[in-house]
Amino acid sequence: VSKKGIGLLLFLLFMAVTVSSRLAAAGEQILSDEATACLGCHGRRGIVKKFENGETMAAYVEAATFKASVHNSLGCRGCHPEFSTGIHPSRRFRSKRQYQIRCSLVCRRCHSGNQMRNSHVGEALFQEERQGKPVVCSDCHGSHSIMPTGAKTFKTEEQYCMSCHEHSIIMDFRNGETLSFTVDKPALESSVHNELSCSDCHPGFSPKKHPRRIFGSRRDYAITSSESCRRCHFDKYTRTRASIHYTLISRGDLRPPSCTDCHGFHNISRGSKEKLSIAGKCRRCHQAIYDLYAESIHGRSLFDEHNLDVPVCTDCHVAHEIVNPLTLDYRRRIPEICSNCHSDKTIMAKYGLSTDIRTYVSDFHGNGMYFDGKQRKLLLRPTGPIAVCTDCHGTHTIQKTLDTDTAIIKANLEKRCRQCHDGAINTIPDKWLSHYKPSMKRTPIVFLVKVIYKIFIPVLVIGLLLQIVLHIWHYASNR
Amino acid sequence: MMTEGGLAESIGNHGDTLRRFSNARVAEHLLVMFTVGILVTTGLSQKFYHLDVSRWLILKLGGMDTVKLIHRFAGIVFGATMLFHMVIAVIGIALRKWSPSMMINAKDFSDAVHNIKYYAGAEDLPAVCDRYTYKQKFQYWGILTGGLLMILTGSLLWFPALVTGFLPGEFIPAAKTLHTDEALVIFLFISLWHIYNSIFSPEVFPLDTSIFTGHISMKRMLREHPAELARIEGVGLGEILKERQRDMQETG
Chain C
44 VSKKGIGLLL FLLFMAVTVS SRLAAAGEQI LSDEATACLG CHGRRGIVKK FENGETMAAY
104 VEAATFKASV HNSLGCRGCH PEFSTGIHPS RRFRSKRQYQ IRCSLVCRRC HSGNQMRNSH
164 VGEALFQEER QGKPVVCSDC HGSHSIMPTG AKTFKTEEQY CMSCHEHSII MDFRNGETLS
224 FTVDKPALES SVHNELSCSD CHPGFSPKKH PRRIFGSRRD YAITSSESCR RCHFDKYTRT
284 RASIHYTLIS RGDLRPPSCT DCHGFHNISR GSKEKLSIAG KCRRCHQAIY DLYAESIHGR
344 SLFDEHNLDV PVCTDCHVAH EIVNPLTLDY RRRIPEICSN CHSDKTIMAK YGLSTDIRTY
404 VSDFHGNGMY FDGKQRKLLL RPTGPIAVCT DCHGTHTIQK TLDTDTAIIK ANLEKRCRQC
464 HDGAINTIPD KWLSHYKPSM KRTPIVFLVK VIYKIFIPVL VIGLLLQIVL HIWHYASNR
Chain W
10 MMTEGGLAES IGNHGDTLRR FSNARVAEHL LVMFTVGILV TTGLSQKFYH LDVSRWLILK
70 LGGMDTVKLI HRFAGIVFGA TMLFHMVIAV IGIALRKWSP SMMINAKDFS DAVHNIKYYA
130 GAEDLPAVCD RYTYKQKFQY WGILTGGLLM ILTGSLLWFP ALVTGFLPGE FIPAAKTLHT
190 DEALVIFLFI SLWHIYNSIF SPEVFPLDTS IFTGHISMKR MLREHPAELA RIEGVGLGEI
250 LKERQRDMQE TG
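In order, the protein sequence lines correspond to chains C and W. Taking this note's numbering, the leading residue of the first sequence gets 44, the next gets one more, and so forth. Taking this note's numbering, the leading residue of the second sequence gets 10, the next gets one more, and so forth.
Any given hint could turn out to be false.
Claimed, not checked - Straight line, CA to CA, 30 Å or less: simulated DSS-like cross-link-like pairs of lysine-lysine:
no., chain 1, residue 1, chain 2, residue 2
1, C, K318, C, K279
2, W, K56, C, K417
3, C, K480, C, K417
4, C, K480, W, K77
5, C, K453, C, K420
6, W, K185, C, K480
7, C, K420, W, K69
8, C, K417, W, K69
9, C, K458, W, K77
10, W, K228, C, K458
11, C, K453, W, K106
12, W, K56, C, K497
13, C, K198, C, K110
14, C, K453, W, K185
15, C, K388, W, K116
16, C, K493, W, K228
17, W, K185, C, K493
18, C, K443, W, K185
19, C, K393, C, K318
20, W, K228, W, K116
21, C, K420, W, K77
22, C, K497, W, K77
23, W, K228, C, K453
24, W, K77, C, K417
25, C, K480, W, K228
26, W, K56, C, K493
27, C, K92, C, K110
28, W, K228, C, K420
29, C, K388, W, K56
30, W, K185, C, K484
31, C, K417, W, K228
32, C, K480, C, K497
33, C, K252, C, K228
34, W, K56, C, K458
35, W, K56, C, K484
36, C, K279, C, K420
37, C, K443, C, K318
38, W, K185, C, K497
To be clear, the hints were calculated from the coordinates, so they are not data collected in a lab. Note that the structure is predicted; figures quoted are calculated from it, not measured.
Please work from the sequences and hints to get the whole structure.
Structure below.
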């Protein structure tokens, strides 16, 4: 045998050992912390339960047997709900039989009557129960050693998963919180994802694999679960990455919403464009802002009149790439955001509002804002502070300017003008063009000046040009 | 000024020039020329800020705020020049040092009509003008009134808060409209009329240098300002006009 042959043999041996040890590790069921804690005592022989009638019963659980049982993933609390690592009530039973009857009631939490009636044995047992003879499941199935039946076949993955998750399964978190892992089957079937199978959203789980995952808290779990969504909705995920919510989460703040907080999970429906429900979703965290919005002209129109022309949260902040509205980039985009609706003639005609966005854009504030971004980028020199729509109109508190109390609006506006223009007098807001084209009725001086120049400039230019042409013609024809 | 060789000889010699403007007037024109140039570029690039060329200029100059600053300080220089000019003119005329030769009179209108007819071929000879032709008066008063309007409205826009203390707020947008429209008028007026008359007109091409050098040729005096020439030479207007006719027939 050559040296090469020995080397190859050693290598193959090494590979075989590695692979087999990995397989062994994968097959072994790791018990939960709680179960390990319980087995600290109950895994030792000698613990005995005494009953009032003098009977005794070993309270010993063989760890290996339980690990191999079909219920190993339920932990101890799954069947002994009164007990946990910290709580160990002392309960008294008259007899061993009474204890067994009580324990069997727990089985029905998951194994419903329907499931049992499907079999002849079950039907017979129920008959007996009706006659007064209690059914004790553990008489036939054992207790900690209940094995998989093996006879059961599942057509789909969903059937397999639902065989447990249709029942009340509780997940414990490290911080003591619990979460029901019961899947609402009708909701799942009517969801937009009803064609998907469980492992599409719960990767790593399958009829063969059910890894035990331990999460710090419910919130922790919700955020981690949302990671699954990007497997299909990568575009939305990418956009979300730019959002203030994602930034906060990545900094360790778990309060901002992840996918499931707005969209739900098993009952997920098509992304709703229904304005009321959108506002309701944001409200869950932004109650104070919701209250302000509800009092604004936009909010009142939506809630009181069910007017769908008005913007809700997502119209200005968008749905996924919700950026921090306090950034300069966002601020610079505000005129554009407002003009999405306010330059739309068909919408604004209903309310008699001006759509002339140029009254802002080509005025001092507007053209300053236009250069602000460019200057920041190219010259690293911003313009001075410049008013955008929200500076005068407010953000979530926007009110009507036309027929509400103009005195209040004027006073507010004056205050706002003074922030930049020292000593601005109340006549400025009073006579400003207020986004309307100059007209004889509203602003006669401006209107007349405009009209005069509209006539004067062409007359002047044409007159001068005619003179020049005549002059050139004179010299050209004389030569 | 006048050589002993007589009128015809002095005019026939094309190298001869007359002193037309003092150094102060030359400096004044240079100041107005530069400040108006700066004001028009920085102002119109704000008015038409969305054009590529405006954007380029504004960013090259260091941003909107810098452009506004340049515009305002050029405005101060322009305004000061204008006011200085007016004060000097009023004092000069009041002290009878200068004759009010820039004043518009009825003859200017008849001169204009006459010259239009002449250019069209309905008259044989051009109008007989004095120190300033009707075209020059038009340019002078155009820039003077326009400039005053710009100074006034510009100040209103510079101090809106102050102004609205005693004027209605509507004056601010009105001043803005007036300032921006009048700027366009001045720009068009200068770029069409003034530039044509002092650069491209066949009478002066390639450049009317009199406002830069302060001197004008005798030939141009004879053709354009015969009445003034007659007064300077101390001869009758008729003699000057005969000389002009001869000169025009010679050169065509």
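Worksheet item: Can you name, in rising order, the numbers of the hints this structure does not satisfy?
Response: Violated: hints 5, 10, 11, 15, 16, 23, 25, 28 and 31.
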